[in-house]
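Engineer: If you read the protein sequences in the order shown, they are chains A and B.
Using the numbering used here, the first residue of the first sequence is number 1, and each one after it goes up by one.
Using the numbering used here, the first residue of the second sequence is number 117, and each one after it goes up by one.
Derived by calculation from the structure, the hints in this document are not laboratory data.
Where a beta carbon is used, it is the ideal one built from N, C-alpha and C, also for glycine.
Among the clues, some could well be false.
Claimed, not checked - Listed next, the stretches of chain A that the computed footprint assigns to chain B, with coverage defined by at least 3 CB atoms under 8 Å from CB atoms of chain B: (1) 2-13; (2) 59-71; (3) 87-99.
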Amino acid sequence: MEILLAVTIGLLYAAGIFLILRRSLVRLIIGLVLLGNGANLLIFLLGRISKGQPPIIPEESKVFLDAYADPIPQALILTAIVISFGLQAYAIILVKRAYRVVKTDDIDNMITTDEV
Amino acid sequence: MVNNFILFPYLLLGIALYAMALAVPSFKTNSKRSAFSPVVPLLVFVFFISQLGVPSSRFSFWQAETLPFNFSFHLDGLSLLFALLISGIGTLIFFYATAYMKNAAHTQRLLGFLLLFMGAMLGVVLADDLITLFLFWELTSITSFFLIGFKNEDEASRKSALQAITITGLGGLIMLGGFIILGEIAGTYSIQEMVGKKDEIQSHAWFIPTLILILCGAFTKSAQFPFHFWLPGAMKAPTPVSAYLHSATMVKAGVYLLARFSPILGDHPVWNYTLITVGGITMIYAAFQALFRTDMKSILAYTTVSALGIMVFLLGLQSADAVAAVSLFILVHALYKAAFFMLAGTVDHETGTRDISQLKGLGKIMGPLFGVGILAAWSNGGIPPSIGFVGKDLIYESTLHHHFSPYLLTGLSVATNVMLLAAGLLVGWMPFRGKLSHPNAHKPALALWLPAAILAVLGMIFGLAPGLVDNILVQPIYQSISNSTPEFHLKLWHGFNPVLYLSLLTMALGFGLYTFIRPGGKTLNFIERSEIFGPRKIMHGLANGFLFLSEKYTQFMQNGKLRRYLLVILSFCGGILGFVVLTETTFVIDYKSLTEITIYEGVTVAILFIAIFLTLFSGSRLAAVASMGVIGYCLCIIFVFYSAPDLAMTQFTIDTLTVILFVLVLYRLPRFIRLTFSARHIIDGIVALSIGALMTIISLEVLYRTPSREISDFYAANAYILAKGKNVVNVILVDFRGADTMVEIVVLSIAAIGVYSLLKLRLRKNEKME
């Protein structure tokens, strides 16, 4: 499974990079989302994956008695997801706004600050 | 006497603060703040006068703990002479400048810059540490840039300033390279400690490159051929600036540097021959150029270059006589040249021109100034009993007794001195004689001639009584430069000997030459035409070529399209990363440690792959966004499979929100730009796939290595005991790393405010859609 996930990470990165190299602003943002997903999955995989061992201490004890999934990558990813949402939301609104002003979502047409 | 040199850094700080107070733009220009400006250099002057006769001392103001250099200063004869010149002439210049710039705009700013410059210059001559020296050295270049370009509305001024900072700045950077190598060879950055390690340094394999690099810095700063042209250009600066920077101080920094390094780098054939050649060419070439100029400041600029050439030449000779000569000549030159510059400025101030072919008979109305001119020309010409005579005697003494071709060296110096004498007369004598050309001009104010007069008279007094400067100034300098005790005493009269005859010959030839010079447009044109193939043209050609190249390069690299930038950045990073990965990885996969794939995971990943494909290649924006959502959900399911319930919940919520936001906002946007399959897609695809493959390899490689779980174990063990929580991820976020989460909330809030205001912001009329 790890190999499959590693390939998924590679694909997400490749797709993300391909999309941010496009001219459309919308594709650019989708590309950023995919890159973010890829990075999250990478961190997740690096913490080693294990089934059915969530990092939650059992009801009746004070410490883990059994093996448990690494909580640190999870905490990191959680933060990353939330932050990237902030970025995405702002970017999406910015695109909308920019489109209303310059009437294009083609990045190649946005290379000057002068009014066209 | 108590050694209070240790107070010097605080003095510098005070100067900087006051200078800033002056240079900061204020609503009230010409306010009283500037009236105190001459007091500052005067205080500094008094401070250094009090250091006369004090044995040399060194102290470290601040030591960087991890770096090999420190902020240290050293005071000896050589530093002291320069410090006295800088502050003493500085005081007079400030008096002069206040009067000269009385009705001009931004006087305060000029005075502020001058003060900053003075501080930087003091730093240069008192620094003991190479890096400290370099810092102040560059600071003088920068402040002089502002001073030369002070009339910033004038294009020629700006160009000259740029030219000066390019040459001196470039030289400084080259010099830094030399400093660092030198510091590494010597194992210390302290100049004083290096003096004792002379043999060790000179026998090192890197000695010659070091020497050349350092000489480059000195030659550019002291306007030596072929870098001399920035100095005549710098005459665009207001005259007080020229008088200060280009006679007594900044241009002498290069000479100072050579003198300072003479006991370390000197006595080596490369040092001697380079300095003699460069100095020799400069002194004769510039003296010759000076004779053909008509602008007083231009004449003075070229004679300054020539005088600097003489100093470099003498430092190259390095015999005892030569060192004695240069020790005195630095002082002699500063005295008469600053007087000359102030004279030129005053003439310009009163008549509106500095063209000697226009000016006649000014002696009738500007008596005191004429006196200054005569005295300065006197000292400049080396006519007894001025100090210039003593100085010139020493020069001839050193060339006559040098082991390397005395005839050639003496011939060179005599020729140079003859031309310098004539050039001095052009400035100090010619404009004051004959029929009055500017009857409307009037006698200059006291402050416009007195500072010059003080310097000119001092030149005479020191000449009549050389004992005044012998023991306390010149001999300690000699000691600093040659690192040995002096065995000479300055004397006005040496009796009838070859040196005296040479002096007489120089005077006769000089006065003779003067009678032949008819300054005017014709001679000026002649000399300017000869400059076509000169170093200045070459430098300009180089600069223009460089500009052209960089413009082309920029247009190629920075075409203004985001894609291009991203592609370059990604390829570069990918390339470097790829190199490391391919050379370092083991490419071993431990199949036994892998978790198995069940049908559930297989299907999820398959859906994920299809979604990625759809996101990439769908022509519909909605389909692309929806597929993006599917990718998120698939990740969410993977999180569920592999023991991360918190992540799954977050991912689910966020992904849903993103898709909704996208759809809400984007249905107004146009369709995707039609996909045309092109070479660009192939290139992008290759880059993207390569980096993707790289990431896969990296993640597999990391899996092969044993992870460290120390921190995780700490959190897991203490989650309940310390934080009373059972969900460890939660506890990390809200308790152990609570402050981080707090900041995260702040970031989110800012994003939310941004989103809200962008939505609510009312469009201007021309931004409306319909």
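Engineer: Go through the numbered hints given earlier and state which of them the structure violates, listing their numbers in rising order.
Structural biologist: none
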